[in-house]
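Undergrad: What follows is the residue order along each chain.
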Amino acid sequence: MEGTALLGRLNWQLADVLDVTPETDRVKTLVLDVPGWPGHRAGQHVDVRLTAEDGYQAERSYSIASAPNGKHLELTVECLDDGEVSPYLTDELHAGDKLELRGPVGGYFVWEPPVGGPVLLVGGGSGVVPLMAIIRERAATDSDVDMRLLLSSRTWDDVIYREELERLKGGGLTVTHTLTRAHPEGWSGYARRIDGEMLAEVGPGPGDRPHVYVCGPTPLVEAVATALVALGHEPSRIKTERFGPTGG
Amino acid sequence: MDALMLDGNAVAGLLQEVFETEMTTATGTCAFCGSSMQLGAVHVFRSAGVVLRCPTCGNVLAKIVKREAEACVDLTGLRALA
Amino acid sequence: MSFVSRGFRGRRQPDADSARVPPGQYVTTDYPVLSAGPTPHTSLDVWDFSITGEVDQEKGWTWAEFQALPSEEVTVDIHCVTKWSKLDTHWRGVSIDTLLAGVGTAAEHVIQYGDGGYTTNTPLEDVTGGKAWIVYEYDGEPLPAEHGGPARMLLPHLYFWKSAKWIRGLRLQKEDEPGFWETNGYNNYGDPWKEQRYWGD
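Chains as they are written, first to last, in the working numbering: chain A, 1 to 248; chain B, 1 to 82; chain C, 1 to 201.
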């Protein structure tokens with residue numbers, strides 16, 4: 001398996017912040033230029049480190065949103081009310097600043113065309129970020145693999161990448177939304193938390209042996225993984241990425 | 001369910017820093033129950049150091065304590081690592 | 001000078017009295033949760049606490065018996081080896097001196113053990129003489145499971161990994177026995193004022 005940038009020493013690098021663009025009210029995409037960026041695989045993430053003047057440091061991981069062939073490295077960050085790092089990234093950081101990061105890391109939660117399909121992507125809120133990198137990779141490589149995204153968001157306005165997902169739909173890619181807190185008038189889509197019934201309706205059956213990627217808040221990931229196994233999907237084909245609290 | 005637990009993939013950076021190679025796709029075998037899994041799928045807990053636990057039996061596979069220039073790693077819970 | 005992130009402050013208390021903050025620590029106003037494993041949820045009707053090992057008589061208490069012991073409110077500063085410190089934390093619990101009252105021992109070391117398999121070791125003299133408690137209330141409320149409830153050790157003069165969560169007993173020993181983290185790089189004693197974080201510090 002070609003490692004490209006996966007093997008060897010991992011160093012902290014300084015990225016140039018080119019832009020911070022809003023996706024939704026609470027979510028922004030950081031557009032970065034990383035000198036000497038070795039490239040990445042869809043689904044990988046970077047570790048970001050912030051250092052205060054007195055030397056205090058905080059470190060967090062963020063999934064890469066951009067496809068591997070993207071011009072710049074993009075990270076999509078949701079501002080958490082009680083967050084320490086995310087409010088800095090979404091509200092303070094601006095073009096011209098520098099951001100310390102290392103990566104790409106995490107070969108485990110990766111999809112690329114040789115993996116094949118069918119693929120089921122299940123995300124909650126900002127858990128859609130690495131799944132979007134995967135969807136963008138599929139588009140960039142003109143893949144026609146059966147790929148299905150089931151995305152849970154609080155409201156229609158909270159759906160990250162909403163317009164782009166609408167544009168990319170078709171040619172083997174399906175996008176299904178469920179809105180858990182409120183939905184627009186006339187909404188005929190799902191309006192509840194993801195459960196086994198929804199997964200069975202939306203996803204490929206276990207007999208098709210799909211590659212499944214689940215990403216989002218821990219309770220969602222746990223519930224979805226459990227439901228998928230109960231439906232008969234092979235545990236070894238289900239990859240999870242929990243966005244838990246960071247602690248410390 | 002434990003809200004604190006993360007997947008092995010979450011410490012991909014730490015693992016690569018310590019082992020100087022991509023580790024989330026390495027396969028580990030639990031010394032207690034014998035199950036095998038990719039390190040990206042183990043259960044991770046952040047304590048004074050990082051603890052990797054077997055997703056099947058919950059026993060400690062590895063402990064990692066990172067200092068400035070070195071790391072202390074206990075892999076006794078892994079019978080094999082490939 | 002290494003890179004500084006413009007405008008980043010972090011979630012710290014800027015005006016903390018520096019005399020109360022050990023070297024390399026930062027004061028936090030929240031209470032980070034760190035754990036070496038899943039949170040145990042031991043029900044109070046099976047919980048018990050024991051004093052065992054090199055003692056002339058082993059002792060044990062059920063939850064009801066433990067609650068009936070004289071307890072005290074203590075307010076202390078706590079320091080985690082991961083660099084956060086929290087000042088003026090309020091607890092209620094039973095002093096280790098109360099638990100060891102009348103216990104004859106030649107032991108010099110004590111091992112704390114708890115649900116989930118965690119252990120940590122200290123010299124016996126570091127838990128006696130009014131320096132440590134088994135606490136079951138934090139900020140006036142029953143200690144939450146994620147912070148070590150039903151009961152945990154409170155040993156504030158050492159780094160907080162030396163205060164075992166979900167504690168179930170103390171084993172007094174003549175020999176020292178490095179615990180979960182002491183066997184893997186963390187300092188055997190752990191004095192935050194001497195910044196004894198790791199082996200060799």
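Any given hint could be a false lead.
[To be verified] List time: in silico DSS-like cross-link candidates among lysine-lysine, alpha-carbon distance up to 30 Å: (1) C/K131 x C/K174; (2) C/K131 x C/K83; (3) C/K59 x B/K66; (4) B/K66 x A/K98; (5) C/K86 x B/K66.
[What the hints assert, rightly or not] One-sided excerpt, in silico: chain C residues whose CB lies under 8 Å from chain B: (6) V33; (7) S35; (8) G37; (9) T39; (10) P40; (11) L100; (12) W181; (13) N184; (14) G185; (15) Y186; (16) W193; (17) Q196; (18) Y198.
[Stated by the list, open to error] Rough simulated footprint, nothing fancy, chain B against chain A, three-plus residues with beta-carbon under 8 Å: (19) 127-141; (20) 233-242.
Hint data in this document are derived by calculation from the structure and do not stem from the laboratory. Every residue, glycine too, gets a C-beta built ideally from N, C-alpha and C.
Undergrad: Please flag the earlier hints that this structure goes against, numbers listed from lowest up.
TA: 3, 10, 11, 16, 17 and 19
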